[in-house]
Every structure is written in C-alpha cells, then in structure tokens.
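Engineer: Here is what each chain is made of, one letter per residue.
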Amino acid sequence: MTGQPNSADAVVVFEGVGKKFIGRTAVSNMSFTIPKGQIIGVIGINGSGKSTVLKLMAGLQKPSGGRVLVNGQTANRLSCRDVAFLPEQDVFYSAHTVRRTLDFYRVMFQDFNIAKALSIAESFELDLDQRIAKLSKGNRARLKIVLALSRQTPLVVMDEPLSGLDPLVRESIIKSLIANVDMERQTLVMSTHEVGEIEPLLDKVMLIHEGEVRGYEAVEDIQSEYGIGLVSWMRELSGERRRDGI
Amino acid sequence: MVEQFSSTQPIYMQLVQRVCRQIVRNEVQPGEKLPSVRDLAVQFGVNPNTVQRVNMELERMGIIESRRGQGMFVTEDQPRLIMMREQLKEELVTRFADEMRDVGFTDEEIVASVRSHLEKSPDQ
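Respectively, the protein sequence lines represent chains W and U.
The first sequence begins at 1 in our numbering and counts up one residue at a time.
The second sequence begins at 1 in our numbering and counts up one residue at a time.
Be aware that a few hints might be false.
Just a few of them, taken from the derived set where beta-carbon distance is under 8 angstroms, the chain U residues facing chain W [what the hints assert, rightly or not]:
1) SER7
2) THR8
3) GLN9
4) PRO10
5) ARG38
6) ALA41
7) VAL42
8) GLY45
9) ASN47
10) PRO48
11) ASN49
12) PHE73
13) VAL103
14) PHE105
With a straight-line cut-off of 30 angstroms between C-alpha atoms, the simulated DSSO-like cross-links for lysine-lysine are [what the hints assert, rightly or not]:
15) W:LYS175 <-> W:LYS137
16) U:LYS33 <-> W:LYS175
17) W:LYS116 <-> U:LYS33
Selected chain W positions facing chain U (in silico; Cβ < 8 angstroms) [stated by the list, open to error]:
18) LEU60
19) LEU69
20) SER224
For the record, the hints were derived by calculation from the structure and aren't laboratory data.
Note that the Cβ used here is the ideal one computed from N, Cα and C, for glycine as well.
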C-alpha cells in the first residue's frame, strides 16, 4: 500500500531528502511519495522533525540534500502557488478585520475562492467585521482553516491545525475539513498530536521519529493487519528503536 | 456529532455494518436514496474516500445500487434484504451462544435463561 514512487499519481515526492540546521540534523535521508486525492496525517512527538517535513513540502525550507517535488516541480518559494500552507503560529495583521483578511488573501492568491471563504466563515459563525486582535483563540484557529481551505491548490498542508483548542472547536474544524477539502483535486497533509481524534479522517499516516520516517501506512491496514489503533501503532514504532539502544 | 469507532477493525467495515443495521431496523427503506458521499462523510465524521469504500462494498453485497447520475439507492430486492436480516440474526446468536458456552453454561441453561429473560422483559 505504501506504493512505489510513481510521480504521475503523486503530489509530493521526497528523494533522499535531508535538512541540517546549524549544529543539528532535523531530517535525514527521507524518501516517500504522497498520492493525490488523499488525507495524510503526519504524527510524531515534539521535535521529531514533523514541521520541517511540512515546510520542505511547502517550499518554505530548502533541503540540504536530496530533492523535493511538488506537483512534478522542484519545491521552492514559488511552490506557494501549488500549496496552501497553514502555519502553526498566527500570521495575521491584528488590526485587520476578518473581512479585510479574506480580501487580502484574495489579492495575494489568484486561486483564492472568496465565495467559499465566506461560506466557511459563516459555517463557523465568524463575525466578518471583528478585528483579528479581538478574536478568541478558537476563532483565530478557525480563520486559519478558512484561509487554507478556500485556496484551490492541489496540495494543502496544515501544521498542527488542532493544537491547543478545546474539543468543540476541534470537532467543528474536523467537520469543516471533511466538508471542504476537494478530494477529487486536492490532497491534505496535516500534522497533529490529536491522533485518536483524526484517525477516522485519514487515508494514510506517517510516523516521524528522530528525523526519519519510522512508519508510513494506510490506516485501514494498521487496523485490519495489526488490530490496533494509531496510538498503539505509534507507541510500538517509536518504542522499538529505544529498546535497540540506538 | 462525530461517531465513535473501534480501532480494531477498519472503519469502512464498521460503517458497512452500521448501514446494514439501519436497513434491517427499517430506518432506511428499500428504494430510498442514500445521502451523497460528502454528506455521509460529514455525518459520520470520516474521510470521503472511506464512504466511497463503504458504498462499493454495499454495492458488491447487493444491498445498494447506483443509478446513473442519481446517486445510491437501497435495493428493492426483497429476497436479498431478507437474507441480510437472517445473516445478522445468525451472527448475533452465534456470538451470544459462543460466549455462553465459553463460560460453561449448558445448552439447556442457555435456552431456559433466554426464555425467562424474554418473559421478564417483554418487547414494548
């Protein structure tokens, strides 16, 4: 099910990718492909290299070695045309209103669908005239979701979209992902710690540990072959290495 | 509300069973149109690809039929629906009987306890 690297069906290809920062290696020798039209979860403990992997596939980081292809092209700063990236931090102008923020994105990105943005914002009951500075944490998180889901890019990458949110906000965001990702044309890659909660949402899951892909499988295979859930799978795979003492 | 799933069986199989039970309970009628893939995905809180999988499986089983351009419908093939109801009964009875025998109840005890339970708690 992992599949051979087949660029035609893949939206992302990593070939021997490494990323070093001064004094430390964040990602080493990673090769994998992400098929089109799926939802992929990237899981792993803090500091495992998840964010670096997501930034590499969004063209926001340059690999130190190997190659990253997005939609058949080498990933770089221009990849933002093909990738909608939801960052973990907030990147709004706090003086802007919600409406002005949506307008700003419409101008920034040609593929931004303002009608879809307004409809998702309405489903979240976001007040368009509210200033960003006045939004609750949950509503800032929802606004980020609106911005990412309203872009019509082949790849949508979300770094921790559920982190630090209460269960009701998380649930509304998960529902919105299901309702608004265009599975015929889009692939969603998201990192999260809420492993149990997003399990029903995922086609495949990738476990990153110490800068390596430790596991990459269809969720269905994990459930039917091992008869376990993702949390146990994650625990088993990240524990093995430690017992080997490596 | 997002549905709860067990992690020990693929979600699509759990949903196949759920839909079959809805049909047996008559919550969904023969010939009735099913909601769209997207709507079912939102309702169950699962990936739309999983719902596609569920529909493919139910169609293969002959429980639902796709009508070109109109979506998916529950079959009106009564013998097939009766067979499904019988299969579900068989499954539930087997599970119950296996568990009772496993802890050592005799068949006479099992039959007697079922009868007395049903008498004590009549169906509304």
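Engineer: Now, for every hint given, state plainly whether the structure supports it.
Structural biologist: Results of checking the hints against the structure:
| no. | hint | in the structure |
| --- | --- | --- |
| 1 | SER7 | holds, 3 angstroms |
| 2 | THR8 | holds, 5 angstroms |
| 3 | GLN9 | holds, 6 angstroms |
| 4 | PRO10 | holds, 4 angstroms |
| 5 | ARG38 | holds, 7 angstroms |
| 6 | ALA41 | holds, 5 angstroms |
| 7 | VAL42 | holds, 5 angstroms |
| 8 | GLY45 | holds, 6 angstroms |
| 9 | ASN47 | holds, 5 angstroms |
| 10 | PRO48 | holds, 5 angstroms |
| 11 | ASN49 | holds, 6 angstroms |
| 12 | PHE73 | violated, 23 angstroms |
| 13 | VAL103 | violated, 23 angstroms |
| 14 | PHE105 | violated, 28 angstroms |
| 15 | W:LYS175 <-> W:LYS137 | holds, 18 angstroms |
| 16 | U:LYS33 <-> W:LYS175 | holds, 23 angstroms |
| 17 | W:LYS116 <-> U:LYS33 | holds, 27 angstroms |
| 18 | LEU60 | violated, 26 angstroms |
| 19 | LEU69 | violated, 23 angstroms |
| 20 | SER224 | holds, 5 angstroms |
Going down the numbered hints, you'll see the structure goes against 12, 13, 14, 18, 19, while the others check out.
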